[in-house]
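*Asks:* Fit chain to chain and form the complex, with the hints in mind.
Chains A and B, in that order, are what the protein sequence lines are.
Numbering of the first sequence is given in this note's numbering, commencing with residue 1 and proceeding in unit increments.
Numbering of the second sequence is given in this note's numbering, commencing with residue 450 and proceeding in unit increments.
Quick caveat, the hints were computed from the structure, so don't treat them as lab data.
Just so you know, these numbers come straight off a predicted model, no measurement behind them.
Some hints could be false.
[As the list claims (entries may be wrong)] Under 7 angstroms between C-beta atoms, here's a sample of chain B residues computed to sit facing chain A:
no. : residue
1   : R555
2   : N566
3   : F573
4   : F578
5   : G579
6   : V582
7   : N583
8   : I586
9   : K587
10  : V636
11  : I718
12  : G720
[Claimed, not checked] Straight-line Cα separation of at most 27 angstroms, DSS-like style, residue types lysine-lysine; simulated pairs:
no. : chain 1 : residue 1 : chain 2 : residue 2
13  : B       : K564      : A       : K445
14  : A       : K290      : A       : K257
15  : A       : K338      : B       : K587
16  : B       : K610      : A       : K338
17  : A       : K328      : B       : K598
18  : A       : K446      : B       : K536
19  : B       : K589      : A       : K321
20  : B       : K708      : A       : K328
21  : B       : K564      : A       : K325
22  : A       : K328      : B       : K471
23  : A       : K328      : B       : K467
24  : A       : K446      : B       : K534
25  : A       : K445      : B       : K610
26  : A       : K253      : B       : K601
27  : B       : K712      : A       : K328
28  : A       : K338      : B       : K589
29  : B       : K589      : A       : K445
30  : B       : K534      : A       : K338
31  : B       : K601      : A       : K446
32  : B       : K587      : A       : K328
33  : B       : K536      : A       : K445
We put the beta carbon where it would ideally sit given N, CA and C, even for glycine.
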Amino acid sequence: MKRKTRRILDRSFSGLGFFSIFLLSASLFVVLGPIFYRGIGAFIFKGTIEFRRLNYEAFNRGNKENLQKEKQISQQYRSQIYKMLEEFQHQLDNGEVPDSGKFSSDFRELKKQVRALLGPEPGDEEPVLMRDRFGETRWDKAKEALYRILFMETWDYSDPDSMGRKIFIPRAKEYKGASLEKLFPYIEKNFEKIMRPRLVFYWQFIADNSYDSHIFGGIFAEVLGTFYLVLGTMLFAIPMGVIAAIYLAEFSKDNSKLVSLLRVFISTLAGVPSIVFGLFGLAFFINTVKVSNSKSVLAGSMTLALLVLPTIIRAAEEALKAVPKTYKEAALSLGASKIRAVLTVILPAALPGILTGIVISMGRAAGETAPIIFTAAVSVGKPLSLFESLNQPTPALSWNIYNLVTEHESVEKIRHVQFGMVFTLVLLVLLLNLAAIIIRARVSKKLRG
Amino acid sequence: MNPSISINPNVMSYIDTKSLEKEDIHVFSEGFSIFYNDTEAIREVNLSIPAHKVTAIIGPSGCGKSTFLRALNRMNDLIPGCYSKGKLVFDGEDVYGENVDPVLLRRRVGMVFQKPNPFPKSIFDNIAFGPRVNTHIKNKSELCGIVEKSLKDAALWDEIKDRLNENALSLSGGQQQRLCIARALAVDPEILLMDEPTSALDPRATSRIEELIGVLRGKYTIIIVTHNMQQAARVSDYTAFFYEGDLIEFAHTAQLFTKPYVKKTEEYITGRFG
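For reference, chain B alone in the conformation it holds in the complex (with noise of 0.2 angstroms):
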């Protein structure tokens, strides 16, 4: 049997643990599983993120890859009646340990949401929220240092630096998702969270941000939800299937999308369902 396929019993599954091998992790889960009340969402998933990589969670909808990727900041917290079971690891601790503060958890791990959603405030004051709520900075100086800085990151600067004390929602759609990264970016977090960030944008505006993504990979650990198996070929260096709660595939992209070995995937990827 080839060593680097690993068969989950009950699932037909593959996860490439070899290339993986030589990754350093960020985040690992181990048969972790997500309820809501009583329905099961996602079932004993055992996937690694590696660190300062794209990694992309493809499937259709309802397969339970955006509730994955909400469990890591604990956004799933807000949704009443849902629990987790088994262990999902960042940084050596369980993220659903006792211990863990989700407010400290979520300044670690910064999440970008499906619809743009600045806050009706000043661009200046968007951006800061994240620092202010953080850390003491009340320096004003300072604040704009940081500011500039995460502007200039998500590539916005240019376009904006004039606007700061205009309100964000009189941007672009793309412009306004765009300042919601550099607000993510903001407050410095080690993982991005990108829950199908460009699905309510136009081609060109979807193309800057994947584009930014580029920019932003091997500075961060990014992890991207996305419907759009094209934009996950593009921009992500590893790429997991989920299909109605179970991971079936986990690969480099390339290999998942050129040679998949769950026949499953090879159906999704050219079409046949989802």
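In isolation and in its complexed conformation, chain A is listed as follows (with noise of 0.2 angstroms):
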């Protein structure tokens, strides 16, 4: 019997690790399933033929000859579509219409709508924003355009009750009578042929700028500034988070109270708000010590640093006092000085613990976004140069994806770029996981022999 309830016992609780696990693992699915799926939608999509154009014009790229064959099919289509706007403009310029009244205003909003979908007309002046300069890229972009096209959108206000409603009506049916009627169902049937999805696999969208505040383009400059920061991030917190490992793990006396201290203010520099290490940063490296002008990479790398050097100094800490003492014994004891056996024996053999900080914490400089948010980013910037980066602010992964949600004119336009960001960040922060643990394993099995 005692046997028994221990088999249960025993069975039990492997069971329920077993089941904390498994929820674990399939919240993480259900947290990055989502961001994969919808984030590759930035990469892997349907372009249509004005993708292609402005693949052509903005970064010189794809076959010129193709693309004018395109132009010159989809413009078969196109100008039936201007041809029948033109006749209904001329129509209501001339007061050929019945209730004139009644189209004017949405005759306008048509005409924009179409703009919006297609580009400019042919002949047309250039547009001086870019985003007039082209129509929809992306297909699922298109079909929404052609939503607003096909359906009018109007308040209804038959219930008294409550307030108005939002709904929208066939502009078929609006404009039923009226020379404009077969407009609709033309686009409709021929909206293939117009736009000519394809599917492309858009690499370049963490290679190539952004043009119009990521309306257009990639996300080549928050990719960059995230590199710098991180890289100056490491630059500045290796050196300093090993050295003071080595400094409490082998030279400090672990009884005195100054030690003590020090491990108090690294427990608290973990513990402040990463928003409180922003404005540290702001108000000392860059108002005092005056390390740039305003914002930059290099006040910005600092700041994360700091924040990050208590998880580096704790890892490598930890990691040296797991090196066995009798490495550290045969070392003296074959007539080195400490600091050469902590150099040439401790330390390479602490190297796995350590590397394991330092990546845990090249993820959490990626990823941290108040800290920079005074010091280092910019919601819109050209890509850096290295030098660039000593005085100059920068966009960056973190930063962008709050602002482009938050900020940005027209949210609707971008959510693709902004699942694009979030999903280039998980996997930057992943793969910089999966080097940290081959990285790992090499080092561990070098050591193991």
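*Replies:* Below, the structure is given as structure tokens:
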């Protein structure tokens, strides 16, 4: 009986453990799944003819002759549309349309929507903003634009008890009897021939500059900015952190008051909210020390370095302390000085653990937003050179994920960019972790022999 | 009274000073005590170690034999709260004197530990560690010479000469311990301290280490701490028996194991306690 109870207890405990791990993986899947699914949409999607036109005109990419041919085919249908619009405009101007007042304002709206879908009419003046120069580049967005052409947005006030309700009325019904009536079935029927969707793998999303605040193009400036910030952070944090850890683990006297105080400081530093680091970075590095005139990658890196320092110190200290004492004894007994023993024997043996700490903090530095708001990040900017990063701010993935959602003028238009950024950041951090696992495995294998 | 008997007034002890007179003394201690914080681990030990001989230190656990051994190359410095009193003289100089640099001392007094502790590096780098640290030998061929000589001295060369670039931890326990001996020899020390070098090894590996000690005798002054009395009887020329921090008896190995003067020694070697 007793043995049976013990077995049941053992089983239920391992079952519980398995269940919790399962739950954890499932929740990870639930979180990452949509990010991956929607993020991939920034890379793999159906691009319209406008996408290829953009690629050719902005990035000089693609085959000119093919594009020319495509344009011609699309133009056949487009010219029909323009003809119909022109005809109706003419009729409106000449007062040939009954109820012209009913149409005049909506017709302007309709023309705007057509322009949004197809880009400027041939013969128009070159628009100033990039967003007016091209139609919808993505098939999913083009379909939304089609919907806005086919349906009229209006407000329904029929229910006196509630406020107005937004409703959509088919324009075909609205324009019944007018010459424009045939336009809507025509566009709907020939939509694919007009926009010519084709599946593309737009890997350049991470290598292209963005145009017109992310409405076109990629996120290269953000990726590069994040890369610089992580690099700079590690440049400051690794030497400081590892040296501090060596001091704490090997040279400090454990029972001294100063050292316990230092440990308290380090723990406190780890608990400080990240926005406070941001403010500190602004107040100290930029306003007091003046490492740069205003926000810069340099100042941001220093701030982030402070943020990740406790993580690195702790991981490195634990790793150093976990190295068998016998290594140190052996090194000292062979006539090595203490620092020599640390550098040649203990530090290499602790490397796997130190690397883990470093990579965790790299992921943290890549993802932190608050510390760089005041010290390094801008919403729109060009990719910096290494030298420029000393005194210029940069866009960065973490900050722009937030910024594009909250501050962008037309959020709906750039959803795919937001998801693409999140996806890239998550992928970046996952890749960093993977690299750490591989390096760790290699180093420990070398150590174990 | 027998002139070769010296009696410590506080403890019943016997030191065979007569046979020591014939020997060249390499290290000696006078009233040497070691404290861990307030506990006295070694009490006023007077011990002379003859040069180029094997001296075994035996005694029950916690008698201070390892502590005494580790004082000889000042490894006790690593233990916080550990300090010493009295004299411990090596080559005419007090080991704990103010002018002594423990780093330089350890180059002359090598040590082999209880558990084989090769570095997680290649076999070559393990042996070359000492020469690299101590001398400014950067020349690869010169280092190779030292590595080969040390491994030959430790009777390991034939077994592993083709595997010098493999990780030292891939060797067997006995090979690892001989590697540690070779590593200590590579620094060319005068004294070799061995702190229970075979306690973690199987009997076959143990006998190989004992053979090796037999080969190294005469070239180095060897001090070996051991739990194993048969081992002490087999490998050593002189034996010191420690009990609860006191040196009880020091004599020729043959004499100590056959005709011990002090009753405590007899009780210990006959297995009545310990």
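*Asks:* All hints are to be evaluated individually against the structure, with a verdict given for each.
*Replies:* Status of the hints after comparison with the structure:
1. R555: Result: holds, 5 angstroms to nearest chain A Cβ.
2. N566: holds, 4 angstroms
3. F573: This interface hint is violated because 13 angstroms lies over the 7 angstroms limit.
4. F578: For F578/B, the interface hint holds, since the closest Cβ of chain A sits about 6 angstroms away, which is under 7 angstroms.
5. G579: Since the shortest Cβ distance to chain A is 4 angstroms, the answer is holds.
6. V582: holds, 4 angstroms
7. N583: holds, 5 angstroms
8. I586: Constraint on I586/B not satisfied, violated at 13 angstroms.
9. K587: violated, 14 angstroms
10. V636: holds, 6 angstroms
11. I718: violated, 30 angstroms
12. G720: Since chain A brings no Cβ nearer than about 31 angstroms to G720/B, farther than 7 angstroms, the hint is violated.
13. K564/B to K445/A: holds, 22 angstroms
14. K290/A to K257/A: Distance of about 34 angstroms is beyond 27 angstroms: violated.
15. K338/A to K587/B: Holds: K338/A and K587/B sit about 21 angstroms apart, inside 27 angstroms.
16. K610/B to K338/A: Outside the cut-off at roughly 31 angstroms; violated.
17. K328/A to K598/B: Given pair K328/A, K598/B holds - Cα atoms ~25 angstroms apart, limit 27 angstroms.
18. K446/A to K536/B: Not satisfied, since the Cα-Cα distance of roughly 45 angstroms exceeds 27 angstroms.
19. K589/B to K321/A: violated, 33 angstroms
20. K708/B to K328/A: Given that 27 angstroms is the threshold and the Cα spacing comes to 42 angstroms, the pair is violated.
21. K564/B to K325/A: holds, 11 angstroms
22. K328/A to K471/B: Distance ~39 angstroms between K328/A and K471/B Cα, so the pair is violated.
23. K328/A to K467/B: Measuring from Cα to Cα gives roughly 41 angstroms; hence the hint is violated.
24. K446/A to K534/B: violated, 44 angstroms
25. K445/A to K610/B: holds, 22 angstroms
26. K253/A to K601/B: Judged against 27 angstroms, a Cα distance of about 42 angstroms means the pair is violated.
27. K712/B to K328/A: violated, 41 angstroms
28. K338/A to K589/B: holds, 25 angstroms
29. K589/B to K445/A: holds, 26 angstroms
30. K534/B to K338/A: This hinted pair holds, its Cα atoms lying about 25 angstroms apart.
31. K601/B to K446/A: holds, 26 angstroms
32. K587/B to K328/A: The hint holds at about 23 angstroms.
33. K536/B to K445/A: Violated, at about 47 angstroms.
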